[in-house]
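**Student:** Take the given structure of chain A and dock chain B to it, following the hints.
The listed protein sequences correspond, in order, to chains A and B. Those letters in the first sequence? Residues 28 to 213, per our numbering, in order. Those letters in the second sequence? Residues 152 to 660, per our numbering, in order.
Hints were generated in silico from the structure; no laboratory data involved. A quick note: this is a predicted structure, and the numbers were derived from the prediction, not measured. For each residue, glycine too, the CB sits at the ideal point set by N, CA and C. Mixed in with the good hints, there may be bad ones.
Below, a list of computed lysine to any residue pairs in the SDA-like style, where the Cα atoms sit at most 25 Å apart [what the hints assert, rightly or not]:
(1) B:Lys244 x A:Thr165
(2) A:Lys44 x B:Arg264
(3) B:Lys238 x A:Ala201
(4) A:Lys163 x A:Glu177
(5) A:Lys186 x B:Glu178
(6) A:Lys204 x B:Arg264
Simulated restraints, written as ranges between beta carbons of each label pair [to be verified]:
(7) A:Arg130 x B:Asp461: 56 to 64 Å
(8) B:Gly523 x A:Asp188: 56 to 64 Å
(9) B:Lys269 x A:Glu205: 23 to 31 Å
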Amino acid sequence: MFKDKATMNTLSSYIAKKYAVAYAFCRGEDINEKKKIFDSIINEIDKNMFYFSNPTIPFDVKREILEKILYMYKDKSITKILLMMIKNKRIKLIREVYKKFNRIYLDLKNMVEVDVISRYDLNENQKHMISSLFFKLTAKKPQIRILNDENVIGGFIIKWDDKVIDASINKKLALLKENLIRKEIL
Amino acid sequence: MSMRSDEITNIIKSRVEGFVSYVELDEVGEVISVGDGIVKAFGLNSAIMGELVKFESGVDGMVMNIEMEVVGIVVLGDDKLIKEGQKIKRTGKVMGIGVGEGLIGRIVDPLSRPIDGKGEIKYSGTRPVEVIAPGIVERQPVRHPLYTGIKAIDGMIPIGRGQRELIIGDRQTGKTAIAIDTIINQKREPQAKRPICIYVAIGQREMSVARIAKILQDHAAMEYTIIVAAFASDPAPMLYLAPYSGCTIGEYFMWKGKDVLVIYDDLSKHAQAYRQMSLLLRRPPGREAYPGDVFYLHSRLLERACKLNDQNGSGSLTALPIIETQANDVSAYIPTNVISITDGQIYLEPSLFYAGIRPAINVGISVSRVGGSAQVKAMRQVAGKLRIDLAQYNELQAFAQFASDLDKETLSFIRRGQRLVELLKQNQYEPLSMSEEVIVIYAGTRGYLDDVELERVKEFEIKLLDYIRKNYQSLIESIEIKKELTPDIEAELKKVIEEFKKEFARKFD
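Bound conformation, chain A alone (with noise of 0.2 Å):
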């Protein structure tokens, strides 16, 4: 959940949370298209992260670069947070910026961002079935997103922020294994 180096790292996880907010609420867009423009310019400036992030570059081209890749929002916020952020240096927190920025919008809608762990797919009953459930537990709405792991025996693992829902198979050997060990059979 969070295996990326810049999540762990913690000052930039501060400093990219700042720059969410700013754009979250900044005036402007409504939510969802500021959410719709991110999503859509996100790789673009990722691809350019190169002359964006080098300093030989001076800023006066870089504007022009960024200018050209969004010429779609010259008058939007998006342009004006990218652009601050090359002055300020803090280009390369780009995708922290937009993993904070995608947790508040989720936070606005009152959704959640949920991954099921699972060895094979499940069929659609069962999501709506976890999707209730889950809905029941935390009065938010889940943004289910399946991932398959070959080492999941049987059973399913929920996984949200911090909070982990272990209904494996795996679990439940071991807390076997555990039960067994404390009262001593022999």
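**Tutor:** For chain B alone, kept in the frame of chain A given last:
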């Protein structure tokens, strides 16, 4: 014992059949960095201060810092088993340890796990390590004495049950010896009133703790003693936890109406361990690089010492913290803190120690702020004069070298003082009972030693006590029972001492 394989199979089968598992919601974090017993973790968004967490490798940890994105955790075990990226699980419980009668006579680590190789301990329950001290409503004033068996302390710096008396001094001045003597002396108390003794070793060598355990064992004092040990080789969090664990175990007995004596040996090392942890947790350093809350560290611990009122079972927890000073400097940060927290201090001086005055207590600056009201009348009657006589002697001591030029009265003060100092010397592991102390101090303060040669004062004391034990045991018993020197008892005591003096002069001259 032998079992057939089908029996084993049946047992396993029944266990598997009876096994019920529940799906639980776990809150997990991930280790970002680990080093020197401190873990920085991501996640654990709802973790609370002091919460116990479990690492994937089975090691326990305690939440000590909660920051915007990360949680600082102190590792209560081997940090080599923890790796970057490892999962950490919340337990939802604040740090607690097992307590119970099963701990008596055992040596345990700060998590109350046995380390003496005597097998598992049967706990009666668990208690949180960090609790708020009993409030004023639950307390009552300190009234009952706790005898150390050391003449100088019981006479001039009395300790009451529920008091906090600091033992302070440089290294090798006999601080631990006083604590150990006090534990040994509790053997004299009747079992119902005998305090449970808890010796908390903080940052000591394993050899020292083993030696103390052996001494207590040899004096049959382990029957009512628990040793909580965090060794010098243990990680700092274990040293930090040790006194709180000792106190928690003590509180279990206190709330059951028992008296408890807890010795923290020593809080200087405890403060150093906390400093290490705080610096690694990147808390801002203050004076002597200690964190800002180092006063609270000790005040919240020592405030838990108290005498409970009768509605709460009238149990008590007496604390004897020990502080090691550097080059006699009592004005350093930690010593001044603990002096201001406790109800008095026993100050040990190296110069006295090397002059052969042992215990090396400086009676001039040692005080007990609440112990006086816990002192029995008999002791007050005889020891009231002792402090004055010694103070006068200390003032006149400088003139002692001009002995021939001094007037008769000054000479007599010096003579009396010298004998009293000699009388207050006491060997290690030879604590006296209250009545014996009263008799000896009575003989000294009433001038019965004035004409005894200085070198023979010790001999006089030993033989006087032997003489009374042999011929006048009833006198000792009546002092123990009445706890005061009634005119009758005093008359008899006078008679006995005079009788002994004659014999002492005749037999031994």
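**Student:** Now, for every hint given, state plainly whether the structure supports it.
**Tutor:** Taking the hints in turn, this is what the structure says about them:
1. B:Lys244 x A:Thr165: holds, 22 Å
2. A:Lys44 x B:Arg264: violated, 44 Å
3. B:Lys238 x A:Ala201: holds, 16 Å
4. A:Lys163 x A:Glu177: violated, 29 Å
5. A:Lys186 x B:Glu178: holds, 10 Å
6. A:Lys204 x B:Arg264: holds, 23 Å
7. A:Arg130 x B:Asp461: 56 to 64 Å: Since Arg130 (chain A) and Asp461 (chain B) have Cβ atoms about 58 Å apart, the given range 56 to 64 Å holds.
8. B:Gly523 x A:Asp188: 56 to 64 Å: Holds, at about 60 Å.
9. B:Lys269 x A:Glu205: 23 to 31 Å: Holds - the Cβ-Cβ distance for Lys269 (chain B) and Glu205 (chain A), about 26 Å, lies within 23 to 31 Å.
The structure does not agree with the numbered hints 2 and 4 stated previously, though it agrees with the rest.
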